[in-house]
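A.B. asks: As given, the protein sequences belong to chains X and E, one line each in that order. With the numbering used here, letter number 45 in the first sequence gets 53, and the count goes up by one each step, no holes. With the numbering used here, letter number 147 in the second sequence gets 149, and the count goes up by one each step, no holes.
Calculated from the structure, these hints are not laboratory results. For glycine and all other residues, C-beta sits at the position ideal for the given N, C-alpha and C. Treat the hints with care, since some could be wrong.
To be verified - Computed cross-link-like contacts, SDA-like style, restricted to lysine to any residue with a CA-CA straight-line distance of at most 25 Å:
1. E:K200 - X:A38
2. E:K200 - X:A58
3. X:K10 - E:L387
4. E:K200 - X:L46
5. X:K10 - E:N388
6. X:K10 - E:R203
7. E:K200 - X:P32
8. E:K200 - X:P34
To be verified - Some but not every residue of chain E turned toward chain X, in silico, with C-beta under 10 Å:
9. V191
10. S260
11. C327
12. V367
13. L373
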Amino acid sequence: MKLAGLGLLVSGWFIVVSALCLLPQPGRRAAFISAGMLVELLGLFLVGRAHRESLEAQE
Amino acid sequence: MIVPSTFDSTLCVLLIALLPLAPAGLALLNCGLGRSRSAAQSLLGALCLIAVASVVYFAWGFSLEGFAGGHAHSLRIGGVAWNWVAAGPLFLRGLSGSSLYAAAFQVFAVSLAALIPWGSGADRWRLGTACISTALLAGFVYPLFAHWVWGGGWLAQLGATFHLGGGFADPGGAATMQVLGGIAALVVVWILGPRRGKFQRSGPPAVIPAHHIAYVLFGCMVAMVGWLALNLLGAVLFAGLGGSALAITEVNTLLCASGALLAALLVTRLRFGKPDASLCANAWIGGLVASSAVAALVSPGAALFTGVVAGGVLPPAIEILELRCGIDDPSGGIAVHGLSGIWGLLVVGFLGRDASGGQMIAQLVGIATLLGLVLPVLYVLYWLLNRAIPFHTHPHGEHIGMDLHELGSGAYPEFVMHTDEFAPR
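Just chain E, same shape as in the assembly:
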């Protein structure tokens, strides 16, 4: 880990104060993209998941993740030491200097990762099981993978041990937060199944529209500020950047999101005759997700290119997931965080600061670890949890809405709720 200067230390503290805007924006997005009868449960759930994730991570998560240069356990295989888990202190005790900034950054980062599956399981995921699965994510899966990438683990050391560029590069958390969250969302959707009435016996799936598109679009603006803080902190703490390079990181973040939005605007205009607001909002977030990988490591032109491709691919990807794969993902989290994050990580391999064949291989190894190890582990953990305590709410609960079923009152008590007659596609 890089030791920040006095100026950078002040900057880190200020940026950490802005970080909560990223999960806040995502929570608004999740709420707006779901149904009105689950709006209060969605926002309360977001607060609960942030609380569970931060407490669990504080208690023992950070001890598994640690920081670069800290105590860790290694396995010696093939003449190479594989640094696989940290031996850090419980309850963040004894931390100081740069390790303390990293810990503070991670407490918010793990909250962001926890909110991604919550949006995908909207309108049918019970809050209790969501909290327990978040505890597993924040206390076990996230810290291990984040140690491999940010804590001096084996993925970070691929450059030193196997001469693969500078090792797996992910300064803003595209892999550790976004793709990991996207994978968790995919597993949750597989286990939960679709919402009631989404897929019919015959005909195409029903359209269940977002209930409050103003929340969604405002959430995008709020998330932008949080993402700027996220990418800048990543650049300072994990890429060792400072000074004017930080200004480029800010510009790249905006360019990536802007390129993605404009591309999605064009694609949805061509596909549906009019721009689609929810898909454009998804593309904006997709651009921000891709920027987490590239913002600190590429030129502004490359950042714009990354965003344009991420935003252009997103609408058809969301459509394919729903129509061809039977995935009911109200927030689009699987494509937005999973696919866009993977795309950003690949771009670092061929357009990044240290772009080379070796760097590309390092990026591929990181992505392969997410798909080939993290996904099956999460699937088994969540499958076992679902056997013990079912994820999916009672059919009656889904019918009356999660607000009434779990909280006893709705988010909009003076408004008339719609019936289940969804618009045909």
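Chain X with its partners taken away, still in its complex shape:
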């Protein structure tokens, strides 16, 4: 789960950078950048969840 979370973090950043390069229209660009950030937040949540689960397993 930790790896998947880190993968999503990087994927979200690639979506943001791709939106900059490929979408000149401000509306679409903003939408894709927001989507990229949501993917990053999902990745952060997954890494945090994995950390929490490993903590509970140690206890």
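Starting from the known structure of chain X, arrange chain E on it as the hints suggest.
C.D. replies: Here is chain E on its own, set in the frame of chain X:
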């Protein structure tokens, strides 16, 4: 980079002399918020990390960061040149004028960033591995990101290349120092795990109280002076401000911190029945962190608003991180530096001098780069380092305290140390 006038050059030299008060205040805070049996290791560690960060940055860090208008390497993708790393001189050789002021500013800035994870890993992080991880931060991660923001890199050029306002704006280092340090703190806490006795098999986490709240509050006052210097230098060197605009920057810094403190005072009074001194101190620093982004770029009213929101959100954020996410962060560095810094950067997008849709997008791209690129890179680097040399000290070392375990003597030899019976929440 802006070339300072003669008056501003004198001002820069004076402000650079005040800069060390920011890491000094943070070191006091970290020490006071930790346990008494790790106090000497905390302060000695702060000095060691400042030393490692400044030496590594002097040796090759600045050559990767460079300065706006200096030599740099670019990648051409999609018809746009992405300026990603500088080709500056090693050992600060051949610098003069404004580039020299920027280099002097950065040597202290990188030290401040290095102290943020040190506070979060208090009471269990071995000093040796902390020094090596600081070398990675100061010699590789910090200079690259700072080049993108302050050295004329691709984030700074978002305005010119993609018509996004004036490009990513961060005159006081809210992203380059504070959020970067907060992210490093999060990674360190994930890798280290919690302190012994913090999380029980059943029931809520134990409260491990700060050992010296007077250090913490005095650290806040010391940090204030350093932060004023930080924000003023950023305004002169990276935002091109001078004259009366600098006075507004000073006022905004104070208003931001004051708003945050008062908001936290009210929130903790409502939540716990009495104001909580350590959370209020955290909010003061959180306000200063947010001011690093906004002080040079917003009106005084907007700075106060920024501080109030930063301080009001901080106590519940710290509580959620501990109770819901299993994060044991003695100094609160993740929320104080990470969240408050991100909030300040967002405010620049909608209340800043060049506020617009494009500016907001530029700010979002900067934040996305910190979360989506800097965090995974730091995680992998620290994870590999932890595999080679474990970050977490030996359980016996944690039991007797880091002072006795790593230094051989305690910070308060004539005082009686408490046992591990922490107060139930």
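A.B. asks: May I ask which of the numbered hints given earlier this structure violates, with the numbers listed in increasing order?
C.D. replies: Result: hints 1, 4, 7, 8 and 10 break, sorted rising.
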